[in-house]
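Here's the letter readout for the chains.
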Amino acid sequence: MVAQSIAGPVIRVRGLEKSYGKLEVLRGVDFDVARGSIFALLGSNGAGKTTVVRILATLLKADGGTASVNGFDVATRPADVRESFSLTGQFAAVDEILSGRENLVLVARLRHLKDPGAIADDLLRRFSLTDAGGRKVSTYSGGMRRRLDIAMSLIGNSPVIFLDEPTAGLDPEARIEVWHAVKELAGYGTTVLLTTQHLDEAEQLADRIAILHQGRIIANGTLAELKRLFPAASVEYVEKQPTLEEIFLSVIGGDDKSDTIGTSN
Amino acid sequence: MTTYFFGDTRVLTGRTLRHVTRSMDTVITTVITPVAMMLMFVYVFGGAIDTGSGSYVNYMLPGILLITIASGVSYTAYRLFTDMKSGIFERFQSLPIARSSVLWAHVLTSLAANLISLVIVVGVALLMGFRTGAGVPAWLAVAGILFLFTLALTWIAVIPGLSAASVEGAGAFAYPLIFLPFISSAFVPTETMPGPVRWFAEHQPVTSIVNTIRDLFAQRPVGDDIWTALAWCAGILVVAYVFAMAAYRRKIA
Numbered sequence: 001m002v003a004q005s006i007a008g009p010v011i012r013v014r015g016l017e018k019s020y021g022k023l024e025v026l027r028g029v030d031f032d033v034a035r036g037s038i039f040a041l042l043g044s045n046g047a048g049k050t051t052v053v054r055i056l057a058t059l060l061k062a063d064g065g066t067a068s069v070n071g072f073d074v075a076t077r078p079a080d081v082r083e084s085f086s087l088t089g090q091f092a093a094v095d096e097i098l099s100g101r102e103n104l105v106l107v108a109r110l111r112h113l114k115d116p117g118a119i120a121d122d123l124l125r126r127f128s129l130t131d132a133g134g135r136k137v138s139t140y141s142g143g144m145r146r147r148l149d150i151a152m153s154l155i156g157n158s159p160v161i162f163l164d165e166p167t168a169g170l171d172p173e174a175r176i177e178v179w180h181a182v183k184e185l186a187g188y189g190t191t192v193l194l195t196t197q198h199l200d201e202a203e204q205l206a207d208r209i210a211i212l213h214q215g216r217i218i219a220n221g222t223l224a225e226l227k228r229l230f231p232a233a234s235v236e237y238v239e240k241q242p243t244l245e246e247i248f249l250s251v252i253g254g255d256d257k258s259d260t261i262g263t264s265n
Numbered sequence: 001m002t003t004y005f006f007g008d009t010r011v012l013t014g015r016t017l018r019h020v021t022r023s024m025d026t027v028i029t030t031v032i033t034p035v036a037m038m039l040m041f042v043y044v045f046g047g048a049i050d051t052g053s054g055s056y057v058n059y060m061l062p063g064i065l066l067i068t069i070a071s072g073v074s075y076t077a078y079r080l081f082t083d084m085k086s087g088i089f090e091r092f093q094s095l096p097i098a099r100s101s102v103l104w105a106h107v108l109t110s111l112a113a114n115l116i117s118l119v120i121v122v123g124v125a126l127l128m129g130f131r132t133g134a135g136v137p138a139w140l141a142v143a144g145i146l147f148l149f150t151l152a153l154t155w156i157a158v159i160p161g162l163s164a165a166s167v168e169g170a171g172a173f174a175y176p177l178i179f180l181p182f183i184s185s186a187f188v189p190t191e192t193m194p195g196p197v198r199w200f201a202e203h204q205p206v207t208s209i210v211n212t213i214r215d216l217f218a219q220r221p222v223g224d225d226i227w228t229a230l231a232w233c234a235g236i237l238v239v240a241y242v243f244a245m246a247a248y249r250r251k252i253a
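Protein chains in written order, with UniProt numbering: chain X, 1 to 265; chain S, 1 to 253.
The following block holds chain S by itself, in its conformation from the complex:
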């Protein structure tokens, strides 16, 4: 069956990509929250936030990108949930295909849909005055980290997508993920936070990822943050994948 894996995954990814392109409203609702936050923070709160130096758009864009991904993967869960409920997931599983390609198609589509959303959000940020002198290697590094983060969150999304009992349940996991950047270095420096909050902020995944992307955009040396960021992404990815596969095996028993 491995001989069919790539071909089947390609065919099924084509199908789910059509679902994305035929419901562009899902892309718009994905980007509307991060763009609104960006407008709020830059033009309303930004003036009162002291981040040291530089423009506030530059400071907060990395956090906004992570929020974009977190809200984007809720549609990954939604699309998978809809396939489970409608019975088309079972129809695919009953065909002589490489069975895991059904899941991989959703994962690849999630990566593609999030890429579209991220490009739109970066475009809006550029209009709002975001500037970076980052060269190709730094951009590639940013893209690589965002790719890993999207992949990790996508596998988290697969778990409720396969096992949720309702549409609301399938999407609900995204709310804490969208909220996490607020208790991190994404919008304000962590030094301003009271003890326990600061400790949490400095030891959760978002801070290291945000700091790394911010340093890459600002052409500063990234330091140890990049290793912490990569370790978080890889760790979340592995744990989420294991749980997602367990949920998958329960479904196809």
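Excised from the complex, chain X in its bound form:
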């Protein structure tokens, strides 16, 4: 891979514009993502988060502005950009008819890597899918499918990973499993750009959060910086009730499966 040694941000977006017919989805989006960080693009449904990811992933052309990944411009060097990232889609794009292992082998071979079988076996182990590895993906649960999906995007050790709504449609347990996987990725120095509409997800994972609203970034900073945008906190005494999520997790036993993810490395 042609790794561009640049000191600046690994993802750089400037004045990005995109319209679908008369509908202006992006109206001048600017942000940078520092190498090795987790950056969350937060926004409600239809805010244009997926459009940003699709442009960065060279699946869609912007109408205006520039974007670069790993130092390569998405419009002029798309092939180099594709060498630099992995994409995990909003709807786990895995092959239902193939087994989990075959899916991993397929991606390893398409990334032109040596020994795809060993890569697949290693990832199945890291994502606790070894037993299910030989089964057709159509028999997997939503959480297993998403784990496989993320495992597929780790193949080839891309410096950048785009996670488009990685936990959409998952139950709380599976969501925590995915969070652990994402944190582990960043631990290895991978830059993660994730989109989400869940505030707690951004809070849990991201080093920096940008809020995309009506086609523009209206706030961009660390959680602490964003908190400072609000009026100073007033002190009130409120009885702390457990959240439904905490209740759910404690009632079903709380044997946190996600601990098994990635401990082999």
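Check the hints yourself; a few may be wrong.
What the hints assert, rightly or not - Cross-link-like lysine to any residue pairs, in silico, SDA-like; alpha carbons within 20 angstroms at most:
(1) X:136 <-> X:114
(2) X:61 <-> S:247
(3) X:136 <-> S:18
(4) X:114 <-> S:4
(5) X:136 <-> S:86
(6) S:251 <-> X:14
(7) X:136 <-> S:4
(8) X:61 <-> X:78
(9) S:251 <-> X:118
(10) X:136 <-> X:199
(11) X:61 <-> S:251
(12) X:61 <-> X:14
(13) S:251 <-> S:164
(14) S:251 <-> X:114
(15) S:251 <-> S:104
Since the hints were derived computationally from the structure, they do not count as laboratory data.
Given chain X, put chain S in place with the hints provided.
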């Protein structure tokens, strides 16, 4: 990226071929219609159809083979449509591969799946009394024409496969293609048809292709029909390819 084209196409073709071998029901449903038609025409209508000379199975097999291909390519559109909808097409497009190999894998798989169906249908025809004294060159010529016809129809199938809004829409294009042999020389001689129908029958692609294959099987000289047949196949192929690539470019923009 051209360095990866053949390797990537091979890997992705392996994937789609597995889709075919793991859902053999698609091959069975492809051959069931032509085989049922063959049984109907030979054992029900055949006795009342005067084709001049020779056995009726021999007469109608070429048309049945074209119907087999027409119903086979609807699964090509279906497989491509499913890849588009599931998002795996985009996942492949986001990988550092030769991007067009995704499409070529579907095209090669279509050729392979149709070959399986054609072999099954010819096998059934042999059981029903189809006989030919055609030698290796004539068989190769038949195979060549069927290959071209499958390739042309496959590229037609790519268009709805890439752009259809629903599964039904993706497969619907095949119905007129399956119907076309009925208004041709495939089942009855065109001389029996009324004026305008006969004119249409004699000037549409199926008639020239059917006549050529029939002559090759019967070891008769093929005449000009073969050039008309090849011109139709090549023409359809080029036009369908151009439209398919336009649809493809819209998708990967």
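message = For each hint given before, does the structure comply? Return the numbers of the non-compliant ones in rising order.
response = 1, 6, 7, 9, 10, 14
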